[in-house]
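Visitor: Spelled out, the chains give:
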Amino acid sequence: MGAQLLQYLFSGVTTGSIYAIVGIGFTIIYNSTGIINFAQGEFLMLGGMISVSLAHVLPLAAAVAAAVVITGLIGVLLQLVFISWLRSPSVLRMIIITIGLSILIREAALHVWNEKVRALPFWTGDETSSLAVLGARISPQVLWVLGVCGLMVAALSLFFRSTLTGRAMRACASNANAARLCGIRTSLLVTLSFFIAAAMGALAGCVISPLTQTQYDMGTSLAIKGFTCAVLGGLGNVTAAVAAGLLIGVLESASISILPLAYKDVVSLAIMLAILFFRPEGLFGGRPASLLGTRRA
Amino acid sequence: MSLLRRYLPVILLAAVVVIVQILLSATKLDYFLTQLTMSAYYTLVTLGLCLLMGYAGQVSLGHAGFFAIGAYTTAVLSTAGAGLLRFAPWLSIPTAVVLTALVALVIGMPVLRLRGHYLAMATLAFGFIVSRVILGTSLFGQADGISDIPAIRLFAGLVISGKRTLRVQNYYIAWTLVTIGLFLAINLVGSRVGRALRAINGNEEAAAAMGVNVSRYKLAVFVTSAVYASVGGAFLAHYNGGIGPSEAGVMKSVRYVALVAAGGMGSPWGTVAVSALLTFLSLRGAFGLFDDAVFGALLVAIMLFAPNGLFGLLPGLRRGGPRRAGRPR
Chain D
1 MGAQLLQYLF SGVTTGSIYA IVGIGFTIIY NSTGIINFAQ GEFLMLGGMI SVSLAHVLPL
61 AAAVAAAVVI TGLIGVLLQL VFISWLRSPS VLRMIIITIG LSILIREAAL HVWNEKVRAL
121 PFWTGDETSS LAVLGARISP QVLWVLGVCG LMVAALSLFF RSTLTGRAMR ACASNANAAR
181 LCGIRTSLLV TLSFFIAAAM GALAGCVISP LTQTQYDMGT SLAIKGFTCA VLGGLGNVTA
241 AVAAGLLIGV LESASISILP LAYKDVVSLA IMLAILFFRP EGLFGGRPAS LLGTRRA
Chain E
1001 MSLLRRYLPV ILLAAVVVIV QILLSATKLD YFLTQLTMSA YYTLVTLGLC LLMGYAGQVS
1061 LGHAGFFAIG AYTTAVLSTA GAGLLRFAPW LSIPTAVVLT ALVALVIGMP VLRLRGHYLA
1121 MATLAFGFIV SRVILGTSLF GQADGISDIP AIRLFAGLVI SGKRTLRVQN YYIAWTLVTI
1181 GLFLAINLVG SRVGRALRAI NGNEEAAAAM GVNVSRYKLA VFVTSAVYAS VGGAFLAHYN
1241 GGIGPSEAGV MKSVRYVALV AAGGMGSPWG TVAVSALLTF LSLRGAFGLF DDAVFGALLV
1301 AIMLFAPNGL FGLLPGLRRG GPRRAGRPR
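For the record, the sequence lines run as chains D and E. Residue numbers for the first sequence follow the working numbering, so the first one is 1 and each next one is one higher. Residue numbers for the second sequence follow the working numbering, so the first one is 1001 and each next one is one higher.
Chain D extracted, bound-state conformation (with noise of 0.2 Å):
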């Protein structure tokens, strides 16, 4: 029974820590634009199946390299095209603009690969290969999943905290128009946020597709719940968004021992929906540090 459970809750660490990203990428454009961006779980589907088609002629680290920084730099065509010259529109547009590009985003991976589910092989070993982790047997890829994941974030509060761009960023973020008399360059700023969001959705696209494989169309739940856990995180907060996701996943993963597997979806959106109605600050929105400075919802 210990083991069991163990056995849900990795499987549901693993899908929580993508969600998680997911929910990271809705968090970083939302600060630099006051958009959410509908087409977020696309980047995944787009670094997965980019890389898949990569490693056919590439070693598998090259693939997934260059499928991140294809999908980054996909992420800022779109904002260039589509958003940049935009004077402030309303959010009705924005989210139908949005919904637009998921749509054409899917369309267009439907025809330059087709519908088939794709996988990149394992990074380690192969699909039966496992390890022992008290008692419970996990695949090494879940030890990928998570160290990947733990690493972006990481990375993402190093970048936030540390760097010159990281804190323009958080100024832009938390007031454009200060930032701007400040004279930080807010439209590159914007741009960047696109790049970092879509290649991070990408590299999650990456590391998650030997396990759940890529499809053409597995964008718009993503983006669901990815943003579930940005909302869940108060729109801003990465921690709380983080811990969100892996709240997310366990639950979900812990449904499927209770329900049919074809309702997994419908618990976790039911929770968002339930968090929408009842909290919609967030979880952690109490909360007086939020890691982007001051939230906007």
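Hints were generated in silico from the structure; no laboratory data involved. All values derive from a computational prediction rather than experimental measurement. Heads up, some of the hints might be wrong.
[As the list claims (entries may be wrong)] Some chain E residues judged to face chain D by a derived CB distance under 8 Å, without partners named:
| hint | residue |
| --- | --- |
| 1 | M1121 |
| 2 | A1207 |
| 3 | M1210 |
| 4 | V1257 |
| 5 | L1299 |
| 6 | V1300 |
| 7 | M1303 |
[Stated by the list, open to error] Calculated cross-link-like contacts (lysine to any residue; reagent style SDA-like; alpha-carbon spacing at most 20 Å):
| hint | chain 1 | residue 1 | chain 2 | residue 2 |
| --- | --- | --- | --- | --- |
| 8 | E | K1028 | E | W1269 |
| 9 | D | K264 | E | L1139 |
| 10 | E | K1028 | E | L1281 |
| 11 | D | K264 | E | A1143 |
[Stated by the list, open to error] Heads up, incomplete: computed chain E residues facing chain D, CB under 7 Å, no partners named:
| hint | residue |
| --- | --- |
| 12 | A1015 |
| 13 | V1059 |
| 14 | P1110 |
| 15 | L1114 |
| 16 | H1117 |
| 17 | Y1118 |
| 18 | A1120 |
| 19 | A1125 |
| 20 | I1129 |
| 21 | R1132 |
| 22 | L1135 |
| 23 | G1162 |
| 24 | V1250 |
| 25 | V1254 |
| 26 | A1293 |
| 27 | G1296 |
Even for Gly, the Cβ is constructed at its ideal location relative to N, Cα and C.
Use these hints to put chain E onto chain D, whose structure you have.
Guide: For chain E alone, coordinates are given in the frame of chain D:
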């Protein structure tokens, strides 16, 4: 505003409906009527959504969910519910509509307190939940959907059925519903309620300060738009004789939003025109493999370049006053 001018869109619609039928029958192209009938039922959805988005300014990315609840309820009642409604099969559509209205009421109460991104995401999640429940429940036929939904006999010998011989009749039933829907929508928009909704769209706090009961009006229009969607869904289920899970998909919801946006966001007649035409083309397979991509591109292009809708691009048709979609957030 004179009565004639007010109801001109309704009269025009009725005239176009009759003319199209006569032309198609005369030119032996009456097989087009099948897709036109189907597109009428989808147009009902967009018409309802137009009230919600264009007038109350509330986005919904879950209207395919209401369409599906309407369609699946009547489908289950008239197939699986052996003996349940056999005594009065026509009751299954009203039951479906009432059920959808109740669901919309229950969902709407908490959801409509949210704004902007939160509202969009919550409605998206609602639609997603409906589609996942349908895919995971054997009562709803899971991935296969429900087939062999019987025809429904209405009054005066009218039958909702996809039979070839009943094609013209069903075309008129469907478009009569749209015409009634347009008539009601125009009435609503021109009334006290419509003014209240526009006030909410402009600025919720200001509307509330002027004595508009914001939450009640928002809820009312949300339920109304869900009812439009469920009527469309329920009739289409009987007309097609089947319903599949793709009707509940997120892509369908997005498509409805795209059609309302292309119709001019706050223009019932624009929505009907754009939606009837594009849905018809889509059903005829005019966009081929790029069907969903066309609607995605439409959405992005309209919002970037023509936030007043396709008709807003024609200078003569643009109404005076401030731009509708460029309102402050």
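Visitor: Next, verify each hint and record whether it holds.
Guide: Hints versus structure:
1. This hint holds: M1121/E has a C-beta 5 Å from the nearest C-beta of chain D, less than the 8 Å allowed.
2. Contact between A1207/E and chain D, as hinted, is not supported at the beta carbon level, the nearest pair being about 17 Å apart and thus beyond 8 Å.
3. Because the beta carbon of M1210/E sits about 22 Å from the nearest beta carbon in chain D, more than 8 Å, this interface hint is broken.
4. The interface hint given for V1257/E is met, as the beta carbon of that residue sits about 6 Å from the closest beta carbon of chain D, less than 8 Å.
5. For the restraint placing L1299/E at the interface with chain D, the shortest Cβ-Cβ distance is roughly 3 Å, inside the 8 Å limit, so the hint holds.
6. Hint on V1300/E holds. Least Cβ distance to chain D is approximately 4 Å, under the 8 Å limit.
7. This hint holds: M1303/E has a C-beta 5 Å from the nearest C-beta of chain D, less than the 8 Å allowed.
8. Between the alpha carbons of K1028/E and W1269/E the distance comes to roughly 28 Å, so the proposed pair goes past 20 Å and is violated.
9. Of the supplied pair hints, the one linking K264/D and L1139/E holds, its CA atoms being roughly 18 Å apart against a limit of 20 Å.
10. For the hint pairing K1028/E with L1281/E, the CA-to-CA distance comes to about 18 Å; that is within 20 Å, so the pair holds.
11. The straight-line distance between the Cα atoms of K264/D and A1143/E is roughly 16 Å, inside the 20 Å bound, and the hint therefore holds.
12. Given the 7 Å rule on beta carbons, the hint for A1015/E is violated: about 32 Å separates it from the nearest Cβ of chain D.
13. Given hint, V1059/E at the interface with chain D, holds; its Cβ is 6 Å from that chain's nearest Cβ, closer than 7 Å.
14. The criterion of a C-beta within 7 Å of any C-beta in chain D is met by P1110/E, whose closest approach is roughly 4 Å, and the hint holds.
15. Checking L1114/E against chain D: minimum C-beta separation of about 6 Å stays under 7 Å; hint holds.
16. Contact between H1117/E and chain D, as hinted, is supported at the beta carbon level, the nearest pair being about 4 Å apart and thus within 7 Å.
17. A distance limit of 7 Å between C-beta atoms decides the matter here; for Y1118/E the minimum to chain D is near 6 Å, and the interface restraint holds.
18. Restraint check, A1120/E versus chain D: the minimum CB separation of about 5 Å is within 7 Å; hint holds.
19. Interface restraint check for A1125/E: the shortest CB-CB distance to chain D comes to about 4 Å, inside 7 Å, so the restraint holds.
20. Hint on I1129/E holds. Least Cβ distance to chain D is approximately 5 Å, under the 7 Å limit.
21. With a least beta-carbon distance of about 5 Å to chain D, the hint placing R1132/E at the interface is held under the 7 Å criterion.
22. Given hint, L1135/E at the interface with chain D, holds; its Cβ is 6 Å from that chain's nearest Cβ, closer than 7 Å.
23. A distance limit of 7 Å between C-beta atoms decides the matter here; for G1162/E the minimum to chain D is near 29 Å, and the interface restraint is violated.
24. At a threshold of 7 Å, the smallest CB-CB gap from V1250/E to chain D is about 5 Å, leaving the interface hint in force.
25. A least Cβ separation of about 6 Å between V1254/E and chain D falls short of the 7 Å threshold, and the interface hint therefore holds.
26. Hint on A1293/E holds. Least Cβ distance to chain D is approximately 4 Å, under the 7 Å limit.
27. About 3 Å separates the beta-carbon of G1296/E from the nearest beta-carbon of chain D, less than 7 Å, and the hint is met.
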